[in-house]
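As given, the protein sequences belong to chains C and F, one line each in that order.
In case it helps, the working numbering puts the first sequence at residues 1 to 436.
In case it helps, the working numbering puts the second sequence at residues 1 to 436.
Hints listed in this document are in silico derivations from the structure and should not be mistaken for laboratory results.
If you're wondering where the values come from, they're calculated on a predicted model, not measured in any experiment.
Each residue gets a CB set at the ideal place from its N, CA and C atoms; glycine is no exception.
It is possible that some hints are incorrect.
[Stated by the list, open to error] One-sided and incomplete, this derived list gives chain F residues near chain C with beta-carbon spacing under 8 Å:
(1) L37
(2) M40
(3) P44
(4) R71
(5) E72
(6) G74
(7) P75
(8) T76
(9) V77
(10) W80
(11) N143
(12) P234
(13) A303
[To be verified] If you want the footprint, here are the derived chain F segments under chain C, 3+ residues with CB under 8 Å:
(14) 47-54
(15) 263-275
There are 2 protein chains.
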Amino acid sequence: MTRRYLATALLIGLGGPAQAQTAPQLPPPEKTDPAALQLMQGFPPPPDKTVTLGTVLRVPANARWANQHFRELGPTVAVWRGPGGPSALKSAPRDLDALAFEDDKAQRTTFADWQKSTYTDALLVMHKGAVVYERYDAGLRTNVPHVLWSMTKSFTGLLTALAIHEGKLDPKAKISQYLPELADSAWGDATLQQTLDMTTAVRYGEDITNPKAEIFQYLISNGLVPAPANYPGPRTMLAFLRSLPKDGEHGAGFAYKTVDTEILGWLLQRTSGKSFAELVSERIWRGIGAEEDAYVWVDSSGAQVTSIGLSATLRDLGRFGEMIRQGGEVNGKRVLPKEVIDEIRKGADREKFKASGLAPRFGYSYHNQWWISHDAAGSFEAKGLNGQHLHINPAAELVIVKLSSHPAGNTILTHNLDRRAFEAVAKAIGVKALAK
Amino acid sequence: MTRRYLATALLIGLGGPAQAQTAPQLPPPEKTDPAALQLMQGFPPPPDKTVTLGTVLRVPANARWANQHFRELGPTVAVWRGPGGPSALKSAPRDLDALAFEDDKAQRTTFADWQKSTYTDALLVMHKGAVVYERYDAGLRTNVPHVLWSMTKSFTGLLTALAIHEGKLDPKAKISQYLPELADSAWGDATLQQTLDMTTAVRYGEDITNPKAEIFQYLISNGLVPAPANYPGPRTMLAFLRSLPKDGEHGAGFAYKTVDTEILGWLLQRTSGKSFAELVSERIWRGIGAEEDAYVWVDSSGAQVTSIGLSATLRDLGRFGEMIRQGGEVNGKRVLPKEVIDEIRKGADREKFKASGLAPRFGYSYHNQWWISHDAAGSFEAKGLNGQHLHINPAAELVIVKLSSHPAGNTILTHNLDRRAFEAVAKAIGVKALAK
Numbered sequence: 001m002t003r004r005y006l007a008t009a010l011l012i013g014l015g016g017p018a019q020a021q022t023a024p025q026l027p028p029p030e031k032t033d034p035a036a037l038q039l040m041q042g043f044p045p046p047p048d049k050t051v052t053l054g055t056v057l058r059v060p061a062n063a064r065w066a067n068q069h070f071r072e073l074g075p076t077v078a079v080w081r082g083p084g085g086p087s088a089l090k091s092a093p094r095d096l097d098a099l100a101f102e103d104d105k106a107q108r109t110t111f112a113d114w115q116k117s118t119y120t121d122a123l124l125v126m127h128k129g130a131v132v133y134e135r136y137d138a139g140l141r142t143n144v145p146h147v148l149w150s151m152t153k154s155f156t157g158l159l160t161a162l163a164i165h166e167g168k169l170d171p172k173a174k175i176s177q178y179l180p181e182l183a184d185s186a187w188g189d190a191t192l193q194q195t196l197d198m199t200t201a202v203r204y205g206e207d208i209t210n211p212k213a214e215i216f217q218y219l220i221s222n223g224l225v226p227a228p229a230n231y232p233g234p235r236t237m238l239a240f241l242r243s244l245p246k247d248g249e250h251g252a253g254f255a256y257k258t259v260d261t262e263i264l265g266w267l268l269q270r271t272s273g274k275s276f277a278e279l280v281s282e283r284i285w286r287g288i289g290a291e292e293d294a295y296v297w298v299d300s301s302g303a304q305v306t307s308i309g310l311s312a313t314l315r316d317l318g319r320f321g322e323m324i325r326q327g328g329e330v331n332g333k334r335v336l337p338k339e340v341i342d343e344i345r346k347g348a349d350r351e352k353f354k355a356s357g358l359a360p361r362f363g364y365s366y367h368n369q370w371w372i373s374h375d376a377a378g379s380f381e382a383k384g385l386n387g388q389h390l391h392i393n394p395a396a397e398l399v400i401v402k403l404s405s406h407p408a409g410n411t412i413l414t415h416n417l418d419r420r421a422f423e424a425v426a427k428a429i430g431v432k433a434l435a436k
Numbered sequence: 001m002t003r004r005y006l007a008t009a010l011l012i013g014l015g016g017p018a019q020a021q022t023a024p025q026l027p028p029p030e031k032t033d034p035a036a037l038q039l040m041q042g043f044p045p046p047p048d049k050t051v052t053l054g055t056v057l058r059v060p061a062n063a064r065w066a067n068q069h070f071r072e073l074g075p076t077v078a079v080w081r082g083p084g085g086p087s088a089l090k091s092a093p094r095d096l097d098a099l100a101f102e103d104d105k106a107q108r109t110t111f112a113d114w115q116k117s118t119y120t121d122a123l124l125v126m127h128k129g130a131v132v133y134e135r136y137d138a139g140l141r142t143n144v145p146h147v148l149w150s151m152t153k154s155f156t157g158l159l160t161a162l163a164i165h166e167g168k169l170d171p172k173a174k175i176s177q178y179l180p181e182l183a184d185s186a187w188g189d190a191t192l193q194q195t196l197d198m199t200t201a202v203r204y205g206e207d208i209t210n211p212k213a214e215i216f217q218y219l220i221s222n223g224l225v226p227a228p229a230n231y232p233g234p235r236t237m238l239a240f241l242r243s244l245p246k247d248g249e250h251g252a253g254f255a256y257k258t259v260d261t262e263i264l265g266w267l268l269q270r271t272s273g274k275s276f277a278e279l280v281s282e283r284i285w286r287g288i289g290a291e292e293d294a295y296v297w298v299d300s301s302g303a304q305v306t307s308i309g310l311s312a313t314l315r316d317l318g319r320f321g322e323m324i325r326q327g328g329e330v331n332g333k334r335v336l337p338k339e340v341i342d343e344i345r346k347g348a349d350r351e352k353f354k355a356s357g358l359a360p361r362f363g364y365s366y367h368n369q370w371w372i373s374h375d376a377a378g379s380f381e382a383k384g385l386n387g388q389h390l391h392i393n394p395a396a397e398l399v400i401v402k403l404s405s406h407p408a409g410n411t412i413l414t415h416n417l418d419r420r421a422f423e424a425v426a427k428a429i430g431v432k433a434l435a436k
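All chains, please: the whole structure from these sequences, using the hints.
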């Protein structure tokens, strides 16, 4: 049981305390490559090469397969790309594989080695809107959506901030004003902005070392972890969210909590009358000229998982990142109001962020579900489990998308390393370095 | 239990004996319209408006919602449309709604009324390759795939016939030559062609009035029907197929059996090394210039359901039908060899077909998983549960696609009525009538 919980935790944990942030024993990257291991090959594949939802959380290689095949494991809903055809992507290729840089342990590494050692499934570098570098590994292909895990949160935060900008939502309003059924839960007297910035006080643990942490109940409730036999807890996501009590004072400090985002998603859908997949399609996916449909994981009651449920292709994430970098425009066409992105980039209270214990990211803040570095380059990020990254460097006019299956899960473990790789790219293409 | 089985049977049954083909009590069409009933509206929808896989088979309205939302209820895999963008569809619209004709009970009806009374979700008429008529109902939209049920079989049959044409498969070979693990099953000494034409002798019933019919085990094995508590039967589709014994002599007569198609799908995937979704994508979907990805239902072990598992959009089915009508070409570009379609159109032994008991369709035969009418117009068809139709009339240069949610399930119940509607369209657009 402990072993299973630990494996689950490694996969999912994103915001545990600092003392838990030591790297566990990891399998070598090639031992997790589903293509090399021939997972799910053959009709039928041999039993020990068959990935089921119940095995994903125990076997890193199975997780790596699942990260690009989640729709084959359970219910999902399409995020339609719209009728317009994909927007053009300029190309200005550079061979960055041999690019050398010093890693966070003062060892020399290269751009290619960094990708391998961090279990990268796909990597995209865009400079001034043109694709400079694009690589796929582990069997991933251009047209296949990869799970975003908590990068999903930045979509939900963006849509919420957009609704605020449009006057449809009030950031100072209590959550229970929009969702009366949450009056008796932790969110009854939390404001929308506190939920957006994850400064709510909820008895909910995302601590990856605690087998009793509520994140496991969350994952069972939305179907991403199969319920054990005779499981007594909530079997739907909304029932689980309603069950969480307050614990402390809202607004006191930042605590990374996936459930805050699910509240936003629920509220967004309730107030707009549209599903999350419809909102992402109408307000973002069509606007950027996505090449492929994305998709969203759905729980057993049909609720869409708005905190960790999105899957999308590398190129479409590049288009998305580039739209954000351009302040809401794609090829001169406005998709989102510039003010919404300007507001995100302002960030939140960096002192309150320190309550998170995410030491490698001290200096950051978390605002409207985006990670704001407050560096001189103005870089800001969407992040997800297993090493999902959308890194935007406005000063360098750079967008980097990294889709990965790092078995250690928590991106904080590779934070300093990944930042060095991003900085090396910025230097290599001849732009200002990131401020350290 | 009986009631549940009956509902299931009504939804799924396709080839039961003639005496079972009387129409059951049916709900009025408007009482099954998920849009009008506001099924799955609201966040969350009220419990009595929530569709789950377990309720689909008991409630016709839920089935109607599910028919255009199956991916939201379980695992699926994408059939990629490819990178080329959709092929152009010419348009030559005509208002056919008021078109009057005499139904199979000698009552006057109209094209619009026929659609409503047969629970039509979408209808497309193409003449000489141009869209003459296109309608959507019950909330279905142009970009949303609708389940095809047994129309899936005609895709599997087409791919098998293609592999035979290319010399990769031998129609006279025994199934066990390709799938040795089936040596002790019903298919051990059945030939590929017998399986293609459903003249195998398998102890398997698709009889919709028999609660013990094996089709229910089949549906539980592939996950389309949730397993009852403590269900002792096979939990994967391949395990179920292996368990079926022989019952009689192969080749003696036609007996409609979904499981024959699953054997073809298994064999196709084993011998090609590609999944069904990959084969449909590479050999058909890309070739026709599909506008949207299709998708395939997947069982709990990852096996793709090749007999009833496809969902696709109305327009893409029009493109597919038109390619078949044109003998394998789309806009002058060859997609499939003409010989493969010519072979299908030859049909099989019409005397052996009568063993099926499908009296309204006597005169037909079933060859390579297509329904061949042997009428003067040379019409042939793909058919599926709930009234899915792809009707191709070569003489009239006509393709009709009908996607429906008829709660009586079996298309044989509306066979004569539907043929009259197709004939009325052929007459209305000024071409030769179908031979009766």
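Hints, verified against the model:
1. L37: 15 Å, violated
2. M40: Check passed: Cβ of F/M40 comes within 6 Å of chain C, closer than 8 Å.
3. P44: OK, holds: F/P44 within 8 Å of chain C, min 6 Å.
4. R71: The hint holds - F/R71 has a Cβ within 8 Å of chain C, the shortest such distance being about 6 Å.
5. E72: Interface hint status for F/E72: holds (5 Å vs cutoff 8 Å).
6. G74: Result: holds, 6 Å to nearest chain C Cβ.
7. P75: 5 Å, holds
8. T76: 6 Å, holds
9. V77: Hint on F/V77: holds, closest Cβ of chain C at ~5 Å, below 8 Å.
10. W80: Constraint on F/W80 satisfied, holds at 6 Å.
11. N143: 6 Å, holds
12. P234: For F/P234, the interface hint is violated, since the closest Cβ of chain C sits about 13 Å away, which is over 8 Å.
13. A303: 6 Å, holds
14. 47-54: Since three or more residues must qualify, the claim that chain C covers the stretch 47-54 of chain F holds, with 3 doing so at under 8 Å.
15. 263-275: holds (count 4)
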